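Peer 1: If you're matching them up, the sequences are chains A and B in order. If you're matching positions, the first sequence starts at -3 in the working numbering and goes up one per residue. If you're matching positions, the second sequence starts at -3 in the working numbering and goes up one per residue.
Worth flagging that the hints you see were computed from the coordinates, not collected in a lab. Just so you know, not all the hints are guaranteed correct.
[As the list claims (entries may be wrong)] From the derived model, a few chain B residues whose C-beta atoms are all more than 12 Å from chain A: (1) Gln180; (2) Glu203; (3) Arg215.
[Claimed, not checked] Computed footprint of chain B on chain A, listed as stretches where at least three residues anywhere in the stretch have a Cβ under 8 Å from a Cβ of chain B: (4) 58 to 65; (5) 129 to 137; (6) 194 to 205; (7) 208 to 214.
Predicted model, so just to flag it, every value in this text is computed and none were measured. Even glycine gets a Cβ: it sits at the ideal position worked out from N, Cα and C.
Protein chains: 2
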Amino acid sequence: MTRVNCTQCPLRSFPVFTPLTEAEVAFQQSFKAGELTVKRGTTVLAEGSSSPQLYTVLAGQGVRYKTLENGRRQVLNFVFPGDFLGLQAGLMGEMKHSVEASTAMVLCVFDRAELWQLFRAQPSRAYDLTWIAAAEEHFLGETIATLGQRDAIQRLAWALLRIHERLDAVGLVQDGAGSMPFRQQDLADALGLSLVHTNKTLSRLRERELCDWSDGRLRIMNLDAMARLGTTERERPERRPLM
Amino acid sequence: MTRVNCTQCPLRSFPVFTPLTEAEVAFQQSFKAGELTVKRGTTVLAEGSSSPQLYTVLAGQGVRYKTLENGRRQVLNFVFPGDFLGLQAGLMGEMKHSVEASTAMVLCVFDRAELWQLFRAQPSRAYDLTWIAAAEEHFLGETIATLGQRDAIQRLAWALLRIHERLDAVGLVQDGAGSMPFRQQDLADALGLSLVHTNKTLSRLRERELCDWSDGRLRIMNLDAMARLGTTERERPERRPLM
DNA sequence: GCCGCGCATTTAACTGCGACATAGGCGGGA
DNA sequence: TCCCGCCTATGTCGCAGTTAAATGCGCGGC
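Kindly generate the complete structure, drawing on both the sequences and the hints.
Peer 2: Okay, here's the thing in structure tokens:
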């Protein structure tokens, strides 16, 4: 299983981070952190809990989701190696969502108290964390735009592109294809579509030879056409600056 | 016009903040910040810009939105006094969305450099900012769940409840009603509905005597029934903690 | 080897919501 | 004052997407 290096814990797995000084490296090495392996299907973090632990994902994939009062499930995000989990429980009192492992996952676990200690020792880490939050917020904004304004085929193209991108980023793509960790139901719940319609739309994408994952490996066959379908941003947004 | 006190700038208008020490108060007073009033319809922050300024909303309301490649608009959030704008341009390189004033707005403007200076002087403010980001993320998650899993009448109930709540929080509600700053088009763009269908659904809410804003003042007439329609959270989320 | 379960697939009937059309109200500008 | 543009209101129709139900298929356990 491809995995992120654990010496990068707890925050070194993000590309934005500034290089560590010698003193910081020393601190890093004194940092108490354990490793945890969970099976597919395990609920890593439960909605409503106030778990005192934070996790960095070292390997495997999962989904972050909410369960609604009507029993329906909304997948908020897909979780990949390098992602950071559990912060909300410390800041907001309790978790507002759950995280479930879609494949076996390896997690780096550490105590929340350790994080505040890290911030005191390395104030620049607070900046990094803020960046992570901003990036997450940006992604959630894209999701909202996709759910609100786009039809089924565009939503799927967008989701598959993003998943492929992230698989590629952790080296899980070979010969243009990577093992697809999510079920059609996960995609349906993420995109606000029914399972049936998700399936039909995937078939359409396959017919049009845009992408394929019928063999369990996700492959983007026509990147341009997919990107045309799955892009949320305008190339040149209208600009009316503050006078 | 009801407004938040400007001495609370830039970050004092959030309830989570820890009390200020004497040194912090001194710093606060030396903080350079100007005040800006804009007319309804002004674009305060434009998508794609990298404005060096940050804003705290002192009075008025607005919408935060993205414009998509197909020309459609997705409202991400409604902006109220106390909200904080423009951080993304510093962290992500450029703004990923625009903010437009729905009513006249009063803003407290300061330079981004000042914010980093504030963080150095008062490290605990970094925690506050992280909390703000987490709260924002929580709200965006609720929005995603609403767009993905709920029908038109539930979406409208949810949005109206939230708007009423926030109007109330800044003292703009009297006798159970507050002036509604947004147009039906704004709600439609926020909820992923067409203008026409939004209008019809509002009529249904009015017929059922749940709420009303036909006279320009938003009033929730049957709070219980509205809350039943507009709640995204389960009372008791399923818990399967990590073994 | 058979059974059971999770997941993918497909067909058929029904419906919520969008597109289009039309009309009325209200306010601001010349 | 009259006009014109922006916003709200309501009806009809078609389609994208939902719900329901049944089949197939690979895989692990006994």
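Peer 1: Hints first: check each against the structure and report whether it holds.
Peer 2: Now the hints, each set against the structure:
With a least CB separation of 16 Å from chain A, Gln180/B remains clear of the 12 Å interface cut-off, as annotated. Distance check on Glu203/B: its Cβ is at least 23 Å (rounded) from any Cβ of chain A, clearing the 12 Å threshold; non-interface status holds. Chain A leaves Arg215/B outside its interface by the beta-carbon criterion, the shortest separation being 25 Å against a cut-off of 12 Å. Against chain B, the stretch 58 to 65 of chain A contributes 4 residues with a C-beta closer than 8 Å to a partner C-beta. That satisfies the three-residue criterion, and the hint holds.
A stretch counts as covered by a chain when three or more of its residues have a beta carbon under 8 Å from one of that chain; for the stretch 129 to 137 of chain A and chain B the count is 8, and the coverage holds. Note: the stretch 194 to 205 of chain A has 0 residues with beta-carbon separation from chain B under 8 Å; the three-residue rule is not met and the coverage is violated. With 0 residues having a beta carbon nearer than 8 Å to a beta carbon of chain B, the stretch 208 to 214 of chain A misses the requirement of three or more and the stated coverage is violated.
The structure fails hints 6, 7 (numbered hints given earlier, in ascending order).
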